[in-house]
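Residue numbers (the working numbering), protein chains in the order written: chain A, 1 to 337; chain B, 1 to 337.
No wet-lab data here; the hints were simulated from the structure. Certain hints may be false.
Which copy is meant is left open, so a pair is good if it fits within one copy or across any two.
[Stated by the list, open to error] Each computed DSBU-like pair below joins lysine-lysine, with the alpha-carbon atoms no more than 35 angstroms apart:
hint : residue 1 : residue 2
1    : K146      : K81
2    : K146      : K58
3    : K320      : K143
4    : K81       : K143
5    : K322      : K81
6    : K143      : K110
7    : K110      : K320
8    : K320      : K146
9    : K301      : K143
It should be emphasised that the depicted structure is a prediction, and the values quoted were computed from it without experimental measurement.
There are 2 protein chains.
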Amino acid sequence: MTASIHRLSASAAPSLDPIIALVASGMNQVNAVILDRMQSQIPLIPELSGHLIASGGKRMRPMLTLATSSLLDYPGTRQYKLAASVEFIHTATLLHDDVVDHSDMRRGRKTANIIWGNSASVLVGDFLFSRAFELMVEDGSLKVLKILSNASAVISEGEVNQLTAQRQVATNEDQYLDIIGSKTAALFAAACRISAVIAERDETVELALDAYGRNLGIAFQLVDDAIDYASDTATMGKGVGDDFRDGKMTLPVILAIARGSADDRRFWTDAMEGRRVSDADLAYAQTLLVQTGAIADTFEKARLYGRRAIDALGMFPPSKAKAALVEAVEFAIARAY
Amino acid sequence: MTASIHRLSASAAPSLDPIIALVASGMNQVNAVILDRMQSQIPLIPELSGHLIASGGKRMRPMLTLATSSLLDYPGTRQYKLAASVEFIHTATLLHDDVVDHSDMRRGRKTANIIWGNSASVLVGDFLFSRAFELMVEDGSLKVLKILSNASAVISEGEVNQLTAQRQVATNEDQYLDIIGSKTAALFAAACRISAVIAERDETVELALDAYGRNLGIAFQLVDDAIDYASDTATMGKGVGDDFRDGKMTLPVILAIARGSADDRRFWTDAMEGRRVSDADLAYAQTLLVQTGAIADTFEKARLYGRRAIDALGMFPPSKAKAALVEAVEFAIARAY
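Chain A with its partners taken away, still in its complex shape (with noise of 0.2 angstroms):
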């Protein structure tokens, strides 16, 4: 690891600043839509979705959609009831994430599960889900419904393929590639994407953005599994060493069996059979993943992930959305240092 790797450009450490400053007129209009959206006569679903939306995430997809569509200059006001239905998709994806990872804290505040039990947080989930579908069908573009439709079959299938290699010491870099694939990086990808369906350009412009959503999607994933070893429960807003505990094949993981001696390997297969996980035991893991170079490889190829997420701007002239997006960028892959 050099210091070449924690920045990309030479200035100030990179800050998702200048994007929440390009859309935060646009996410007002957001956030009255969600807020709207989540309403129902049945006052469970308000309680336990505000719960979680009012949690202060960072809403790093519906931000997209919208300083994507600032990048191509579209001056319409689709793109907040669109982005709006994106943070629903991940609003039901994380409910419903909690309850099959029996997760407790999540943004610093125990997960809805834990408060209202894990019927409420699927169930909740599902009307979310229903919410978001609604959002595009008022938008009524076929083409948006088909984008996001797809990447919800795409999200699900990887939770399936995730919870599939839980626990399977054979994993592999590729089938994790697949996973953090559908699972974070298909809503990035389609959260970029439709922008460029609303601002009517053409197919080039599509897959541009969705390439620059996707590779950062993977970027954003690839760091968020290493600081789960690398860093405490504060900076993580949930427990460092979940991933650790649940025997989540990650790219950290993967690297530091591969790269190991048989007791390495014995113990990692102790680990992540759930046999090994006391903090001892991840201390000693932590101690392996740095040594191996897995947790600085893993952040390098978040990096090299990045750059394609940068790269795939190339076509659209300077501007101040596009210093944001790529700004954006470089905070998912420096967020570690």
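Based on the hints, put chain B in the right spot on chain A.
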């Protein structure tokens, strides 16, 4: 309860045979779409989906789409994909329901959540739900998409409402009718209504088919809820008394509470709150349900909703399809006798 409520007509016992015969060749097309679209690179998805889908459900909802298309002499083929989409929504709901209710039996087989776990059922349900939307998008009618996405949102609202009402003895008949109107009747209504859209008939026809499906759905659920106390496991394909043990506030219980003594109400409170759920308690509950006329009146109410479903078809001229749709209602409300 008099003999007259056993049948709406005087002929032989009503059956699903006419509707099954009417849609038999169409259902082959629908089943082919279902089998094709439940496939995935992730083996667990077709495995788990297939377990439930091949388990011999009646496929009432897709049959209704086909039968109502036939009623309107719709000459095209769009109903096949849409009927498959409706069945996918239903299947996704069943998978999630069984997780929510901790069910271990459905259609006489172990539930998917028992075999593969809750996580797999939640995620594969999400996949089928996404696939349902992909099928609708392929069909390409925004009007159909609106009807079915709205139905999906209403279904999940109904499911959350039911969860909220669980173990709450204060739940009344209006709330109960709200719940079953949402969780069951909304999809029956949508399954029928979309036929009017693809056959390009006017709103009067849409509303008539909607009313047929909605009232049939309510009748269907009322009978289901009555025979949960009046049947045995072999007949139901799921455990008798499931609703009792889950503390579900179904109409039989609501009526028995309203009509019971103070002692009865104490019993029902203890039972619905989970403190009296032995086999002896269930037997006692069944006695109270019969004594108060709660079961008989639930069936009687089902008959009246069934009558409304049949009346909604009044505008259509006699045909094989109409006769089959009428007899399907008669079958639904005669199931318990």
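Results of checking the hints against the structure:
{"no.": "1", "hint": "K146 to K81", "result": "both (16 angstroms within a copy, 15 angstroms between copies)"}
{"no.": "2", "hint": "K146 to K58", "result": "both (26 angstroms within a copy, 30 angstroms between copies)"}
{"no.": "3", "hint": "K320 to K143", "result": "within (28 angstroms within a copy, 39 angstroms between copies)"}
{"no.": "4", "hint": "K81 to K143", "result": "both (15 angstroms within a copy, 18 angstroms between copies)"}
{"no.": "5", "hint": "K322 to K81", "result": "within (22 angstroms within a copy, 41 angstroms between copies)"}
{"no.": "6", "hint": "K143 to K110", "result": "neither (38 angstroms within a copy, 40 angstroms between copies)"}
{"no.": "7", "hint": "K110 to K320", "result": "neither (37 angstroms within a copy, 57 angstroms between copies)"}
{"no.": "8", "hint": "K320 to K146", "result": "within (30 angstroms within a copy, 37 angstroms between copies)"}
{"no.": "9", "hint": "K301 to K143", "result": "within (32 angstroms within a copy, 45 angstroms between copies)"}
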